[in-house]
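Student: Just need the whole structure built from these sequences, with the hints factored in.
If you're matching them up, the sequences are chains A and B in order.
All residue numbers for the first sequence refer to the working numbering, where the first residue is -17 and numbers rise by one.
All residue numbers for the second sequence refer to the working numbering, where the first residue is -17 and numbers rise by one.
Hint data in this document are derived by calculation from the structure and do not stem from the laboratory.
The model shown is predicted, which means the values in this text are computed figures rather than measured ones.
Please note that the accuracy of each hint is not assured.
Any copy will do: because identical chains look the same in the list, a pair fits if it lies in one copy or spans two.
Listed below are the simulated DSS-like cross-link pairs for lysine-lysine, each with C-alpha atoms no more than 25 Å apart in a straight line [what the hints assert, rightly or not]:
| id | residue 1 | residue 2 |
| --- | --- | --- |
| 1 | -15 | 13 |
| 2 | -15 | 12 |
| 3 | 573 | 515 |
| 4 | 127 | 140 |
| 5 | 6 | 279 |
| 6 | 324 | 279 |
| 7 | 260 | 145 |
| 8 | 140 | 467 |
Protein chains: 2
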Amino acid sequence: MLKEALLHVADNPYAFAVDNHQLKVRLRAKKGDILRCDILHDDRYRSVGRENRLALTNVAWDDLYDYFEGVITSDTKRVRYVFLLTGIDGSHLWYGEKGISVNREEAGYFQFAYIAEQDIFRIPDWVHDGIVYQIFPERFYNGDKTNDPPNTLEWEDKLTDWKCYYGGDLSGILNKLPYLEELGINVIYMTPIFSSTTNHKYDTTDYYSIDPQFGDLDTVKALVKEARSKGIRIIFDAVFNHCGDTFFAFQDVLLKGEQSKFADWFFINEFPVIQHPKTNYETFANHVSTMPKLNTKHPEVQAYLLRVARYWIEEAGIDGWRLDVANEVDHDFWRAFRKVVKDANPEAVIIGEVWHDSRAWLRGDQFDGVMNYLFKEALNDFFAKQSIGVRSFNNRLTRSRMIYSDQANAAMLNLIDCHDTERFITACSNSGWGWNEERRPLDRMKLAAFFQLTYPGMPMIYYGDEVGMDGENDPYCRKPMVWDKNMQNEDMLDHYKTMISLRNELPELSRGSYETWVEDELATVYGYIRTYKGQSTGMLINNSPREQEVSISFIWMNEGDKVTELITGKEYRVSPVNTIQIEPYGYMVFKG
Amino acid sequence: MLKEALLHVADNPYAFAVDNHQLKVRLRAKKGDILRCDILHDDRYRSVGRENRLALTNVAWDDLYDYFEGVITSDTKRVRYVFLLTGIDGSHLWYGEKGISVNREEAGYFQFAYIAEQDIFRIPDWVHDGIVYQIFPERFYNGDKTNDPPNTLEWEDKLTDWKCYYGGDLSGILNKLPYLEELGINVIYMTPIFSSTTNHKYDTTDYYSIDPQFGDLDTVKALVKEARSKGIRIIFDAVFNHCGDTFFAFQDVLLKGEQSKFADWFFINEFPVIQHPKTNYETFANHVSTMPKLNTKHPEVQAYLLRVARYWIEEAGIDGWRLDVANEVDHDFWRAFRKVVKDANPEAVIIGEVWHDSRAWLRGDQFDGVMNYLFKEALNDFFAKQSIGVRSFNNRLTRSRMIYSDQANAAMLNLIDCHDTERFITACSNSGWGWNEERRPLDRMKLAAFFQLTYPGMPMIYYGDEVGMDGENDPYCRKPMVWDKNMQNEDMLDHYKTMISLRNELPELSRGSYETWVEDELATVYGYIRTYKGQSTGMLINNSPREQEVSISFIWMNEGDKVTELITGKEYRVSPVNTIQIEPYGYMVFKG
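Tutor: See below:
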């Protein structure tokens, strides 16, 4: 066994409580090294020798490692444990906090000292079933022409610059709720809607007012109410890293300089404040003059923003916040934020915008999940670019899950694109195998959507993806929603509806574990099994433009049982090895 | 290079801010694998290709890994970085968040998104110079006979049971401050002094009153004041995991059962509350009826205990808290505790009692340091039991440091024994090389103390160790302090005084980096270098009963320079290799 590869820490994500008396433990080992992974565990005050056994399961692997998991049950909530690893070479090693040794005593123990109720990472239960639809309100639907900004373009006009307006608004979203209901989503995440000077509204002028181009408090309340009646939740976008330069406090600083009582609300390097040609204050990114960074350490700023967080939950009844540039705001602020949000509504969800490894925010004290860019990048590379094979795809997904607890993984916002990226179908059109017309971007987009909708975590559909909208990076990924049925891709829309229905019908797709099933690198065929309460469903996808024949075993079934492929309705009889044909860019769902 | 051994996470302890513009990064690799470890870093918003270089240093190693460190400076406080590793085999690998690859792009980047002032782990500056003396007040000195409990034993009486009293008190400590001043320590940590029914007082009756056997508020104030005038700080013991069953709230629950308004302050499994023969409520450990566990999730309990924390800082002017059974109280409570304590006195220190890997408490949001049992166990095994050699000793120390940030390592309470363990000299007497009289427990104890006083972190001297007191586990490690000069070991006392002086004289011993210098497993000779602001001192210890000759290089000196051994005053001329004789259980201090 390769000692250097072994990793366990009695802390998230390698040990985390899943309930008051249940501790999930995870161990990482060199891939293929371990035949068995067992644990001896007991109350930490009991004397040695009376420990309970637990056999761990190999739940995932990547290019370097296998991951083993198991759940320790403890009456006293105080756990000590030691791993016994049996190698494929017949060797054994004890692994505890003191070290790795053939001698148990030298290994010592890991200690999870106490499962404290208030430290348990709790996410709202509904999150497990969440299917999210992201709306960029200015571009979704113009429901109220009276609030259109000057020079509003016609909906069908070609988008030519960053700053244009199309007149989309909250009434528009309200009007289109039946469409969303029919699509089958149950959560709407809207990019910012508070007063601001831009179409994207990430430069907040007033956190307490809805931008009049979008509506007002009544419109929001009506939207939330109507959405709720359809079982749809609403998530707002909290831009707390920075405000707009039109925010009252920054305006005061511009006016009064050092004398402003809001001078410390920002990071001003020197007075007087200069905006052009180069800011002398911290901003979002570097020197974005219209987006001064907020000093979230300042008690008044904290109090102000936390009141905002509470206000919209209590006043408008929203179901959570997505946090813009969440990784550049301090952890301390987010901890306070979580307390306020969960106090205002324990069922509210908190999703951070973090494009990278987010474990520092996902231990249960800050966010529930993040916008899952690790997921997005894996899907982009596999389905759109086709620059990685089945094995790399699986490796990347494994790593993206194994750095987090189950709770965080369940609360991930699994995107394939959004308002900050090119649209997925455009990525498929511009890259991948084959030349132009052979690329079959629609098929690959459908395959990616299939995967997204059968993977753990909340799938997030960026408005218009479901009707085949394309678009390069901002601003072209923010084109007006296509409502003209002649312009919509009906096949894509049907696909989304079918897949959403499937996810809603099979609890294992939303709540189940995830297990890699088939990794046929040569055929570019990948399979995975989702299991929940003893019910398993196996998915098989072919990410190649060629029909493939693969040999698979329905490992969750018994020989002779019948298994149904749900897309076609075709039945198979389970043999030790089944030969399956799968269409080019095809997907199959096997249910026993 | 062994990919499986590589480890970096853009989070504590692998990445942590040491100042507003400085990020320390640490990388773990297979021992002996890496020739060079470089970093390319830049502001995370700048385009690729303009990155700055940083060469990392191999700062430590254990049996499996080398550890490399460097400090990234960032004007914008937003850092992205990627490692370039050059193997001893001439190979190279890029290592970023996406993976490990010969291809830079495939490696991606690590992101430390923003160094937020409020997330920086700050410890009080004085902690770097702290030398702590632990007092068990009932057994230190009887300064006031009038407050003696009934049946108080004579100071010289033999200790025969757990429950006896000797009459030690706060006046006693006050009286003996000149002794402590002469010894050279500058921090006193007292085990609990609040009203309680036992001699150890870990079962608090009243968190707001000093036990009358020890004194009162005035005595404490006088003690703090007098100590401060001598440059000595005072740390109290916070027993917040549980209270005594005589605590008013628990008494109320015993009396009124479920009707008590304090019923939720505890974890009562069912009413009526039963204490004997087996409790039906959670306690410290299991079924310790006199120590009911406090429900620190309850807002009233939180508020009560946090007021206690603030009260003693503000009222008595104490300089910090040591937290009893800190690992069984929730992180959420400790975060609130830190805010209150640091608000009341930013210079107050917080030390948790955690006997195992404590990284979950040491990211800067909870404790400054912990009672460093990993250190204690390494010293116990090496110096007392002599069950491990030089290399294992070094490995254990490395691991104990590399799981924490610099700040936590500086704030460690480095004990070799305490009121909960056998005394170190007793461990030396009962084990180690040689038979009985050959064991030289005093020499080995002195060697351990030498090491403790030349190692990073706050050395903690358990009362009486400095005069050679012995004692098996509780209660025998809690014998009355030996004040009779004829009974004190003068040699040991001189040793402590000399070593404390040395630590105070050479800032590198208290504030410097730590580097392993000599690992002579065969000779049982170990060397290490401490460096601060360009000043280095090298220590050499011989943990064997035989004079040893070792070949060493004064790697921080130039050939031909003079180096002085500070214990003997002997001078050496630096050669490429110097042959040094070191006495049985000897220690040497080389200063250039």
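Student: Which hints from the list above does the structure break, by number from lowest to highest?
Tutor: Violated hints: none; all satisfied.
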